[in-house]
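Student: Here are the chains, one letter per residue:
Protein chains: 2
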Amino acid sequence: MQLKIALLGGDGIGPEVLAQSVKCLKAIEETFNHSFEYVEASVGAVAISNTGKPLPDATLKLCREADAILFGAIGSLEYDNNPDAQVRPEQGLLGLRKELGLFANIRPVKMFDSLIANSPLKEHIVRGTDLVIFRELTGGIYFGKKSISEDGTRASDVCEYTEDEIGRVTHLAFKAAKKRRKKLTLVDKANVLESSRLWRKTVSEIAKSYPDVELQTMFIDNAAVQMMMNPTQFDVILTDNMFGDILSDQGSVIIGSVGLLPSASIGRENAMFEPFHGSYPQAKGKNIANPVASILSTAMLLQHYGLNEEANAIVSAVNESFIKKVVTLDVLGSSKYGTDYVGDFISEHIVDPD
Amino acid sequence: MQLKIALLGGDGIGPEVLAQSVKCLKAIEETFNHSFEYVEASVGAVAISNTGKPLPDATLKLCREADAILFGAIGSLEYDNNPDAQVRPEQGLLGLRKELGLFANIRPVKMFDSLIANSPLKEHIVRGTDLVIFRELTGGIYFGKKSISEDGTRASDVCEYTEDEIGRVTHLAFKAAKKRRKKLTLVDKANVLESSRLWRKTVSEIAKSYPDVELQTMFIDNAAVQMMMNPTQFDVILTDNMFGDILSDQGSVIIGSVGLLPSASIGRENAMFEPFHGSYPQAKGKNIANPVASILSTAMLLQHYGLNEEANAIVSAVNESFIKKVVTLDVLGSSKYGTDYVGDFISEHIVDPD
Ligand SMILES: [Mg+2]
Ligand SMILES: [Mg+2]
Chain A
23 MQLKIALLGG DGIGPEVLAQ SVKCLKAIEE TFNHSFEYVE ASVGAVAISN TGKPLPDATL
83 KLCREADAIL FGAIGSLEYD NNPDAQVRPE QGLLGLRKEL GLFANIRPVK MFDSLIANSP
143 LKEHIVRGTD LVIFRELTGG IYFGKKSISE DGTRASDVCE YTEDEIGRVT HLAFKAAKKR
203 RKKLTLVDKA NVLESSRLWR KTVSEIAKSY PDVELQTMFI DNAAVQMMMN PTQFDVILTD
263 NMFGDILSDQ GSVIIGSVGL LPSASIGREN AMFEPFHGSY PQAKGKNIAN PVASILSTAM
323 LLQHYGLNEE ANAIVSAVNE SFIKKVVTLD VLGSSKYGTD YVGDFISEHI VDPD
Chain B
23 MQLKIALLGG DGIGPEVLAQ SVKCLKAIEE TFNHSFEYVE ASVGAVAISN TGKPLPDATL
83 KLCREADAIL FGAIGSLEYD NNPDAQVRPE QGLLGLRKEL GLFANIRPVK MFDSLIANSP
143 LKEHIVRGTD LVIFRELTGG IYFGKKSISE DGTRASDVCE YTEDEIGRVT HLAFKAAKKR
203 RKKLTLVDKA NVLESSRLWR KTVSEIAKSY PDVELQTMFI DNAAVQMMMN PTQFDVILTD
263 NMFGDILSDQ GSVIIGSVGL LPSASIGREN AMFEPFHGSY PQAKGKNIAN PVASILSTAM
323 LLQHYGLNEE ANAIVSAVNE SFIKKVVTLD VLGSSKYGTD YVGDFISEHI VDPD
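So the protein lines, in turn, are chains A and B.
Residues 23 to 376 in the numbering used here are what the first sequence spells out, letter by letter.
Residues 23 to 376 in the numbering used here are what the second sequence spells out, letter by letter.
You can trust all of the hints, since none of them are fake.
Since the list gives no way to pick one copy over another, a pair counts as held whenever it fits inside one copy or between any two copies.
With a straight-line cut-off of 30 Å between C-alpha atoms, the simulated DSS-like cross-links for lysine-lysine are: (1) Lys205 <-> Lys306; (2) Lys223 <-> Lys75; (3) Lys120 <-> Lys168; (4) Lys132 <-> Lys200; (5) Lys144 <-> Lys205; (6) Lys308 <-> Lys347; (7) Lys120 <-> Lys167; (8) Lys168 <-> Lys230; (9) Lys306 <-> Lys223; (10) Lys346 <-> Lys144; (11) Lys306 <-> Lys346; (12) Lys346 <-> Lys358; (13) Lys223 <-> Lys120; (14) Lys205 <-> Lys230; (15) Lys223 <-> Lys168.
No wet-lab data here; the hints were simulated from the structure.
Can you build the whole structure from these sequences, using the hints too?
Tutor: Structural data, given as structure tokens:
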């Protein structure tokens, strides 16, 4: 298969972990006889420095044309500490999601048995966790109208949803649930929020088309608790943009490292694959960042194009790295392996699994 | 001291746990020679059934006059399953907070060593947790303008904050931090939300008046993670209404039971004390609800009036109940003690500590 892949490293550890993913994709090309073209483009704080824009036009154009986008991470301390900056790195990621209509963010959270000691949760609670979060990604309060009064003493953000916005991600979530354990949990705050009540109404209506999937509803505050007390109860979680942000970050930590989890952002015509984690600017250039989340994102990319054998080759190689303890510091405090070495190990294991 | 205390049992297990708190307050009266007057009033789903209103006028009037309010819990399955209901039990609680201007919700989260086995978190992570959450309680998205389009396909909620709303709870939080470990963590989403950026600006400004308190900022998604990975890092957490709802529910579960934690809601002229937990309608009337959160709320009430010795008598009696394992099922799965028995044990221990 021929694929044109846009590489958006972004800020902090983004470029470093992305480089490991490219190693793995090259190993896949070699092993399975595919031909992938890689084109780099800038986004985030680095793009602001270079072009004044967090999402330069050239980057957006490339992303539209590409078959898939591999994204690193975004955000820098400089901006985190300067809440007044009008042009912000995060606008690069939000803009990309909005421009390409990447309305669904899919985040699998699966506990690897070999890493169970790393979870902050007790073993009997976390063992067997295998859930996937479907987060609506282009609506809600993160994209709603913002305003600040002229004298700067009053500020507001609007959380708005339409039936259509809710419907398209809901269908994806139900389809996934059908292929899994047939349970879907809608997380909202319908006892207080009007937008949540629209979610509940719309999702309940759509549920009738998926009679073999059980629909459950849960308030966000309780869901945040249940992720800690009983994560194995979940199969598919469906929720809005902000609640999904919180729950998926929680999901990443219960499996023992924020550095392990991939994600996919899906639109009607484009698909972007990126690690769960942020730009972790403190670790930039130190060769300590965990590349596994980014590498597993490439497995989601391959799966998206039906290359299941290839995706499995990546997952197997990652598993092997856990078993051989070729992991970064965040996974094993005594580890001496860096980002590069872990990327080499996994990519070599793809080419030569024995 | 003479105190007039309004008793608002509310829904579900609310009245049952409140009854145990009254036993304890009577024990305090007897032991320390005080005279408390108790006046009951209805609120929530039960008030809707009786009067059509979740917060009847008579209830509000009583609460205004009383020296303190002891609140049970609110919410029933009937309404949770009916998102379309226009009159809702939660409006009783939200209304009370708004009418009385209870702008700050204070939620201490302290790990009891004797209960550490109950935490879903590993012992080395949770041991020593001792934090207090200051949640803004009358602003933000829960109280913002709500709308739904005429055809019912578009819904929105507004999250709005003013400098004044942020300022008054911020001062309380800094004052508490000064008396504690002198660290305050502001939780927001300032990289995306305009309202969060106003929080950051306002709190940073106020911080200058408390130079001995260290101010730290954290995004809500990261804070939800840090509550699981490293809760001992926190001293005072300051945050908005919705983020505080999520974090304080998380806080309640890391210490091993949602049934253990009290809270206080403070306004300029009124103060209300209530357990952390909800109405748990499934347990109503079964004599299995944990009364400790409600009982510890009475300790916060006594403290509010400077009755520190009396408050300590309650905390000691609760501690004794843990040591003697006179606890409800949620704390110890093999326990045979019910709500009533635990309430009797604690109140008797107040009168006769040996
Ligand atoms: Mg996040
Ligand atoms: Mg709550």
